[in-house]
Amino acid sequence: MYEVSEILFTALEGLIFIVAFVSLSDCRDYILKHYRKVIFFVVFYTIYTYLMSIIFPKGLQTIPIAILTIIILNFMFNSSLVKTLIKYFLYLMAMSLVELFLVVFGVIVLKLPAIFIINNDNAVFICSIIAKLVEAIAALVLYKSNLSINFFIDKESSNSRFRQILILISSVLFLLVCLNIYITSNPDKLLAFNTFSFIVYAVLIIAVVFVFREVSRLELLEFASELEKENIKQLIEFNEMVAKERHEYKNHLNTIYGLCTLNKPDLNEKIKLYINSYANNNDTRNIAIDSGNDYVDAIINVKYNNAIRKGINLIVDFDAPLSSAKIAEDVAVTIISNIIENAFESIVTIDKEKKYISIQTYIDKNNYFISISNNGPMISESDKKKIFNAGFSTKDNSTKKRGFGLSIVLAEIERFGGSITINSNDEVTEFLVSLKVNSQQSISQVAL
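Taking UniProt numbering, the leading residue of the sequence shown gets 1, the next gets one more, and so forth.
Derived from the structure by calculation, the hints contain no laboratory data.
Since we're looking at a predicted model, the values are computed, not measured.
Certain hints may be false.
Straight-line Cα separation of at most 20 Å, EDC-like style, residue types lysine to aspartate or glutamate; simulated pairs [what the hints assert, rightly or not]:
id: 1; residue 1: Lys354; residue 2: Asp330
id: 2; residue 1: Lys144; residue 2: Asp330
id: 3; residue 1: Lys385; residue 2: Asp426
id: 4; residue 1: Lys250; residue 2: Asp330
id: 5; residue 1: Lys386; residue 2: Glu341
With these hints in hand, go ahead and build the complete structure from the sequences.
Structure (structure tokens):
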């Protein structure tokens, strides 16, 4: 009975201690947030305290228990070793004062000899109950008081987890070596020592695993943070670049609009010459297109002429008109234009006799599809994951002015509730855009 009660008292002591420790450290939410660690500490504290009391003579067990407890708490809270030491000894002092008060009370008030109180099992049992009750109440009052002492609070933890685990392993191994020397002269305590050693080694392995997991998590968070910073920086640069380009385009558009409003002969030719000189389209050819979107027809004519100059065959088949898709006309221009430009960049560098870019549209199961494919180089799986990121480009991008077209495409497609997938192999690369169909009426019209 007394052995069981001693184990229970030790477990209660561990719980009281952790409550008092978090109260002094002003991190009261630690118990609820990390209750598994608290339970683990209480269980482990109970085991090694009980085993130490068996291995060491009475009185001497306090030293190794104190060393082990301080190191474990220092590791758990990643705290300053000095502050952990002071907090532990404050608790130890408070516990000793309670026990001393009970002994003095028994000697003075109850007129019992001190030797009787210390050596009598019943007296020790009663004193332990009262002591633990007083300590539990004191710890609870401290926890609820919201007392905050700045000296005990670790405002910025500067301790490295690797350093912590190194201190923990070194101290425990030193303790085990000392115990081993002591045990050689006490073979009857060998079982308790071996049990204690096994538990300590198991705990050290768990601690090492925990440290490496935490370090890996921190490295991932740091990498994600750096990536986010880089993305934000690229977006800012992109916005600045777009603002400059927009200003230039606006000037040219205003000039063209102004020419349209003048009442002068041969203005059509002048407007064409101005646009051709700006767009570098000196020799233009027209391709008969009926996409259902006049803006797209116009931009494809421009791309068609670019394709001729680059030695690329541009194949166009709008089986389903763009008017059937749920998307704004200007956004359709942005999507098709950017994907074709991306295809131009990839296909122009390869050495093939017949290069082509194909644009097809069709409706399948109430979804409108735009397929833009080319026979350029295959896109790797790793590039597929990054190709829609702002600023990503497989070409030289030291100026950070490339790699924004496809990120704009993705944003516009998703804005209209669509999606885009990439299918790529050695023969062909396809960008497949899926959009919602306008209505059942448009579907039936297409079917007819």
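Against the structure, the hints:
1. Lys354 - Asp330: At roughly 31 Å apart (the allowed maximum being 20 Å), Asp330 and Lys354 break the hint.
2. Lys144 - Asp330: violated (64 Å)
3. Lys385 - Asp426: The given pair, whose Cα atoms are some 18 Å apart, holds under the 20 Å limit.
4. Lys250 - Asp330: The given pair, whose Cα atoms are some 16 Å apart, holds under the 20 Å limit.
5. Lys386 - Glu341: Cα-Cα ~18 Å, so holds.
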